[in-house]
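Chains as they are written, first to last, in my numbering: chain A, 1 to 157; chain B, 158 to 204.
Derived from the structure by calculation, the hints contain no laboratory data.
None of these values were measured; they are calculated from a predicted model.
There may be inaccurate statements among the hints.
[What the hints assert, rightly or not] Derived Cβ-Cβ restraints for the label pairs, each shown as a range:
#	chain 1	residue 1	chain 2	residue 2	range
1	A	T76	B	R174	42 to 48 Å
2	A	G19	B	S180	34 to 40 Å
3	A	T47	B	R174	30 to 36 Å
[Said to hold, decoys possible] Here are some chain A residues pointing at chain B (derived, C-beta under 7 Å):
#	residue
4	M102
5	T103
6	R128
Using N, Cα and C, we set each Cβ at its ideal position, and we do this for glycine too.
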Amino acid sequence: MDWPKTYQSPLHANVFGIGIAFAPPHAISTPRTSPNGTLIAPAPPRTGMPSAVMGRQVAHSIADMIRHGATEPTHTASMAAMGAVCIASAGAGTRDGTAAAMTMYPSCRTTPGSRPRAQRERYLRRDRLAAHWVKHLLHFVFIYKAKARPGWAFLPE
Amino acid sequence: MNTADERIAAAPLPTARVLRRRSSIPLQLWRFARINLRTLRMVRKAH
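Only chain B is shown next, with the shape it has when bound in the complex (with noise of 0.2 Å):
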C-alpha cells in the first residue's frame, strides 16, 4: 500500500481550465443563482 505522502502526489488535480471556471465572476454568478433556486425548490418539496 502507498504510504500517505504518494497517494496525495498522486492525487488528481484540477486542470487551468477548470480553476478558471471556478474563479469566474459571470459563471459563478450564474451557479449562485442556480444553487439558490435548486435550495428553494428543495424546500418547497419538503414542506
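Looking at chain A on its own, in the form it has when it is part of the complex (with noise of 0.2 Å):
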C-alpha cells in the first residue's frame, strides 16, 4: 500500500487528516533489535517539517473545493516524495549552542525494499554550533511567517 497523498477520509470527503492524524501504511524500514533485545522500529517522520508540508497542500486543496467547486483534492503531498529535517537543540548561546542536525530524503519508502538504498539520503550530523544556528535562524523564520509579513508564502515550512 501505498502513502497518502491527499489525506483525505475515504469515507468523509470533507475531512482530512495531516502529520500524526493519519495510520502509516507500512513500516519505513526493516524492525532491528538491539543487544539487549529492545525491539527498534523506527516510525516516519509525521511532525514538524512533514506535517507543515502536509497542511499546506491540503488547505489548497480545501481552498479549491471550496472556491472553484474542485470535487478531488487538487494538491498532493507524498512521504514517498518529501524530504524531512530535524534539528534537536539541546542549548543557547552563539557560542555555546548545542544540537543535531538530520536530514532525511524521501521521508517513506513507497513500499519496503522498493526503491535502491543509492537514492535515498539519511544524514546524521551532531555539528554542535552549525545545527544550533540553524535552530537559532529557523525561530526568526517560522515567526515572520506566523505573522504573514510580506513574502510569507514563499518561505518553507
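Got two chains here, each in a separate frame; can you build the complex from them with the hints?
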C-alpha cells in the first residue's frame, strides 16, 4: 500500500487528516533489535516539517474545493516524495549552543525495499554550533511566516 | 543485563578532536551553509 497523498478521509470528503492524524500504511525500514533485546522500529517523521508541508497542500485542496468547486483534492504531498529535516537543540548561546541536525529524503519508501538504497539520503550530524545556528534562524523564519509578513508564502515550512 | 548506570558509563564519548571540530567557528560556518543548502535542495525537490 502506498503512502497517502491527499489526506482526504475515504468516508467523509470534507475530512482530512495530516501529520499524526493518519495511520502509516507500513514501516519505513526493517525492524532491528538492540543487543539487549529492545525492538527498534523507526516510525515515519510525521510532525514538524512533513506535517507543515501536508497542511499547506491540504489547505490548497480545501481552498480549491470551496472556491472553485473541485470535487477531488487538487494538491498532493506524499511522504514518499518529500524530505524531512530535524534539528534537535539542546543549548543556547551563539558560541555555546548545542544541536544535532538530521535530514532524510525521501521521508518514506513507497513500499519496503522498493527504492534502491543509493536513492535514499539519510544524514545525521552532531554539528554542535552549525545546527544550533540553523535552529536559531528557523525561529525567526517561522515567527515571520506566522505573522504573515511580506513574502511569507515563499518561505519553506 | 547491565544496569542503566553501567550502560551510561560504557557509552562512547566524543574524542577531544571531535569536540574541537564541533566548536570550531570556521568549520561550523561551513557546516551551517551546507545544512541550509541541503535543506533548500530538499524543499525544492518536494514542491
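Self-check item: Hint numbers not upheld by this structure, sorted from lowest to highest
Solution: 4
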